[in-house]
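Chemist: The chain contents come next:
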Amino acid sequence: MQMRRTGAVFAVTAMAVGLAACGGGGSYTNVVDKLKGAKEITVGTKWDQPSLGLKKGGGDPEGFDVDVAKYIVKELAGGQDVKITWKESPSSNREALLANGTVDIIFATYSITDARKPKVTFGGPYVVVHQDTMVRADAADINKATDLKDKRICQAQGSNSYKRITDPPPDGKLNLPAKLVGASNYSECVQKLSGGNLDAVTTDNLILAGFASQDPGKYKLLNDPFTDEKYGIGLKKGDKTTCEAVNKAVAKMWQDGTATQLLTKWFGKTGLDLPKEAPPAEGCA
Amino acid sequence: MDELIQYAPDLGEGFLNNIKLSLIIAVFSLIVGTILAAMRVSPTPVLRAAGTAYVNVVRNTPLTLVLAFCYLGLSDTLGLIFSTEVPLTNSFWLAVLGMSAYTAAFVCEALRSGINTVPMGQAEAARAIGLTFSQSITLVIFPQAFRAVIAPLGSVLIAMIKNTTVVAAAGYTVDVAAKMRETFDTTGVSIPIFIGIVLSFLVLILPIGWYTGWLARRLAVAR
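Each protein sequence line maps, in turn, to chains A and B.
798 is the number of the first residue of the first sequence in our numbering; add one for each residue after it.
4 is the number of the first residue of the second sequence in our numbering; add one for each residue after it.
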């Protein structure tokens, strides 16, 4: 019994040490202070999303989200160069990574939703994207979203974008009887689309455009948007100071033309209607 | 906790899909596994070699790879399609195919160890009274072998039930693990949802362990 109790104490201590180790990050109260003081920051992006955040080999990730992150971080630091450590932030881990301080700020196709607002403070949005549909370039029978009736669409594991097609509001949108084809992720969806094993892939248009830009001419975007997704900048809950600084930086990014330039750089050749105006700020909470 | 309650119906539906898969796979893998075991102890060298080769290859291949091969290889590339109308039904049967093929190898090995517990004299006596190979195996060897391996077969069954959580690799994205990830897309990682799913598996699997253990003791061959 004594042994067991000692074991339990060890286990609890180990967990506590583990949690403390996860915390880290010094004693700064917000990200702006940390940037100005320590001149370093940990930024979370996707690592598997072409043209948004894609890591190839040993280098830093590349893409639109990554470039926006670099711009905003530099603005937050008052124009100084800071050391950025990149961390992968998969969709399901983003809230936890922010909450335990593993990353300071997240740019990872992070839609501002009511379900997430209680857990995260969102800066931005820095761009408004729309759910759209991508088909093979030679597909003649799908020209708008409602043509997806009875078509085979992709259901990527861990994403609920398919619900906008198949379910009625509030969870969904179009309520069409489409046939779902399962896949492990969106790359597998696109692979199946090219192989003719499904008819359409539907999710945020920037994500689709990212895949389309990998194989120019092979796929086409319908440019028939049916939702608004506000991509926000994820911050630890309650960090209003940083949030307000982020919003200023986002406004500047759109004013000086950087946003348009970055969108053109990454998505210009995909035939996507690019967002032209700065999205209205949400306000910090 | 609210998240678990809110998404419980959806997750429960996924869990039912796991149970449905498990039931069908249990039947198929038991049948195929028994045939494989018979092949591995048969007097025909070709059958023995084929059985051994199959078991060694499949048992040592990662399950996700087997499932991905069924989905991307067999179905997408080679055109094995169970349902053209409903792609998820197609994926369901591909998952059943892949997992049955995989689990059968383990069933075969469990059974073979059971056959080894049957004394040699039994097989010799069966031959001596003029039974053919299939008669001696169905009437004398397997009835004793099965009783010896009820508990190990229970373990194989339990492992198989847990393995049904990777069927998304075969495109069956409506099992409980896939539903969980989909929920996390909305809510972020939720510890209560994890715990809820763990508890449902405990409720399903613990009794199987108890029951097979009890059955093994009750049906043990007295020697």
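To be clear, the hints were calculated from the coordinates, so they are not data collected in a lab.
Take these hints with a grain of salt, some might be off.
As the list claims (entries may be wrong) - From the structure, some residues in chain B lie toward chain A, with a derived Cβ separation under 8 Å: (1) Thr-176; (2) Gly-191; (3) Pro-195.
What the hints assert, rightly or not - Derived contacts from chain A toward chain B, CB cut-off under 8 Å, selection only: (4) Asn-827; (5) Lys-884; (6) Ser-889; (7) Asn-897; (8) Arg-913; (9) Pro-915; (10) Thr-918; (11) Thr-943; (12) Asp-944; (13) Gln-952; (14) Asn-957; (15) Pro-974; (16) Lys-976; (17) Leu-977.
Bear in mind that the values here come from a model prediction, so they are computed numbers and not experimental data.
All residues carry an ideal CB built from backbone N, CA and C; glycine is no exception.
Chemist: If you check each hint against the structure, which ones fail?
Modeler: Numbers 3, 4, 5, 7, 9, 10, 11, 12, 15, in rising order.
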